[in-house]
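Going down the list, the sequences are from chains Y and H.
Number 119 marks the last residue of the first sequence (numbering that gives the first Met the number 0); no jumps.
Number 354 marks the last residue of the second sequence (numbering that gives the first Met the number 0); no jumps.
Since no wrong hints were added, every one of them can be taken at face value.
Residues from chain Y shown here face chain H by an in silico Cβ test under 8 Å; the list is partial:
hint: 1; residue: N15
hint: 2; residue: L17
hint: 3; residue: H21
hint: 4; residue: E23
hint: 5; residue: A24
hint: 6; residue: S36
hint: 7; residue: D38
hint: 8; residue: E42
hint: 9; residue: A62
hint: 10; residue: G86
hint: 11; residue: Q87
hint: 12; residue: K103
hint: 13; residue: P104
Simulated from the structure, these hints should not be mistaken for laboratory data.
Even glycine gets a Cβ: it sits at the ideal position worked out from N, Cα and C.
The primary structure of each chain is shown beneath.
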Amino acid sequence: MTHDVAPLRIFYLEDNPLIIFHVEAMIEDLGHIFAGSADSFSELKQIINAHEIDGALVDIDLADGRTGPTAAAWLREQGIPVLFVTGQETIAAEYGAALGLVRKPVAAADLADKLELFRR
Amino acid sequence: MHRNEGSLDWVMVLAPYRRDADYLESLLSEHGLLVRRAADADDLCHQLEELPGLIVATHEALTPEVLEIVHAHLIGQPDWSELPIVILLDRAAPQTRIRAELAKVWPGSRHIYYQRPVATLDLVSGVQSALLARLRQRDVRDHIEREVELRHELNHRVKNILASVSSIFAMTRRGAKSLDDFAEDFSGRLLALANVHTAVFEMDGESLDLAHVADLTFRPYRSGNQSRIAATGPSVTLGRDAATTLALCFHELATNALKYGALSVPEGLVGLDWTVSPADGLLSIRWVERGGPPVTAPSRTGYGTRYLTAALRNLFGTVPTIAYRPQGLEFAVSGLLSRPSLNPAAHGVLNRHDP
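Just chain H, same shape as in the assembly (with noise of 0.2 Å):
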């Protein structure tokens, strides 16, 4: 990976003689070109593994030596890299020859020849079109980089939501008392699991705003235009796996009220309603039911509360306090949104490596 970071955006000079050397390197310079020499086949090797943009070669330059040096680089390099190299040749010089000979002994490069005396503005407008080609290169293998990291990301996600969905399973399994109510109770945490994702993906693949979680999750208890659970509260920011999180404790509260509950009667209502404390950022989540059958605490833990327990434990660093009054269940939890898992920059590796 290391050796991949290189900004392949300067000019390597290698000219033994140093007015050769001394003349490029203020030639290019003056041009806005970065340029570095290569001082010996020590110096060669080491700048070789910076990964330069690309070479200006003079014959004198040629040595067995270096063209060993450089040969070994370039069968090493990466498939997206294509390393261009500028060769200035005496007008004497067995152009053929030699063309042949590099040709065979440097492969994955590209070759620009000159015949000294060169006309500077031809070297420099030459120089500069090959570096530009390689910064094209650079841009592949930014890509190819990005993608293997994207692949690797998705793998993570997928194998989180098997292993969610599987608990999810599990944990419904455990709790059903006979298979319609384990399909009923599974597909509709699948549903809200499923919702929620492509809530997220539509957005920007990140966050979604609390109100919409809540949206979202509430849709199918809506009648027309009217809602029975009314949802109100500033806009907050979620990241992917908080508003994930909140949309399967809506979606068991939501379901709780349905089968015993506010929702399990015509007129009974649901309020919904979250603050933010501009002071210290403490998120404050309530839900509380009116107009349902007298309400008595169950008499053993379910999914649900165990669910919202453990999951708003870990969301919020508190345990969330559910109160069974006989007018109404309530429910109720608050946490900062500074923590980590409340707060959405905080979190996934594409967030991280954006600029």
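Next comes chain Y alone, as it looks inside the complex (with noise of 0.2 Å):
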């Protein structure tokens, strides 16, 4: 797939490996660019370089408990926004730090509309 603007740079946190070797095919498959991946903010933390992402891909029940929200919003204040991927749409939507929500099972289409809300 071609773009007319700049491919995207993004990150996932996530505990479920499974889900991120999809996904990440799936945002290669876009055109975008698969930045890296964390299971536990604790490990996102120590990892991320926030110039070398446009946007991160959040869950909710992380390795270290559910830090997905807590995570979400030290992310914005790092200058990186976030999309939430969970099934549990209820608590994600307790939480304002998010652009918006990817449910899963993610589909492809619903992931590519929302990845375009990373471009400010």
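Put the two chains together into one complex, using the hints given.
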């Protein structure tokens, strides 16, 4: 797929590897760049480089507990926009830190639309 | 939720005459009961919110204001709650009329009447048995809360499994050369997922030993008592998610060996071993194939390699190494057991709420 504009660099905070590698493939199919993943908020803080990321996908429950919402707020403070990717829509709705929500299981068309929200 | 956290094990005394209140408080305290007085209407409202185990009320306490405040509390109770109320009436009081009126104005409560002067031991044993009944209500409450929590957790897990299966489906389809190919790979992966789920459930529902994960994943590759995959290593307890991920990784390694590697010929063997360094808790896993056909690196990255890389990068925090040596494929990965993803105690709603 070709883009009129630059591809987006996307980071993924998720603890289910099956979903990560699927979403990674979808992101690449859409012509974007998969910029890495972490499975916990603590790891995210260690490895993320804000200058190399245009947006982050964030799950609610991670390897270190229900830290997704805190991670989303933290990412926003670093200037990184966030989309929740979750099957727990009602929990995600309680938190205002994200631009929107991608439902699991992730559909390519939905992901493609929502990723465009990262363009500021 | 906060409203439901009351301990329900204390007695609230409603007695406007100070002497009555003093007497009741010292009598019940002497018998090991926790007693609190409600000083006025505001205090009563506040104390009711903290969920008393029961109320002891004297005749004089039954003012219209108190009747109304307790009424409002009672009609707002959750289903499991039936507040016991011990009522001390004067002998001369119109018993029947009062009982009828309280039955009407205080629904959702159990009324226990005593006539003054009260035989102290009767009163104490009445209060104690009412409190025991109340504590059984508390058990019911805790079970209901636990059930709600479990239903949410179950819903979450089912959604997670469906999302996993959906990813396996999409990614298997993308690499498949034919429908038969697809069907074989997909059902193999689904079976590996189902086997590890069953094994975790049969243990304690939360964890599994690494040796057990290897054993159940390689069972299909055993002929008779002879396993062509020799797995050795110390006991390592893995959380549910880590066990699932490793089982799926072992499955990919084994099916790859069966199709292209050491297990594709009768004389080939695989060694899987893992070690834990005592100094820092570093878990290292190694998979070494020998005796198979000469190995060449694949021209494109398939499902197996792609999954192993993504899964183990997440689980171990490091990228696994896959070496296509001519004498056989070698695979290695290592990571600290203290990582949240490898530490069974760090994960799971069910664990977090256990005492």
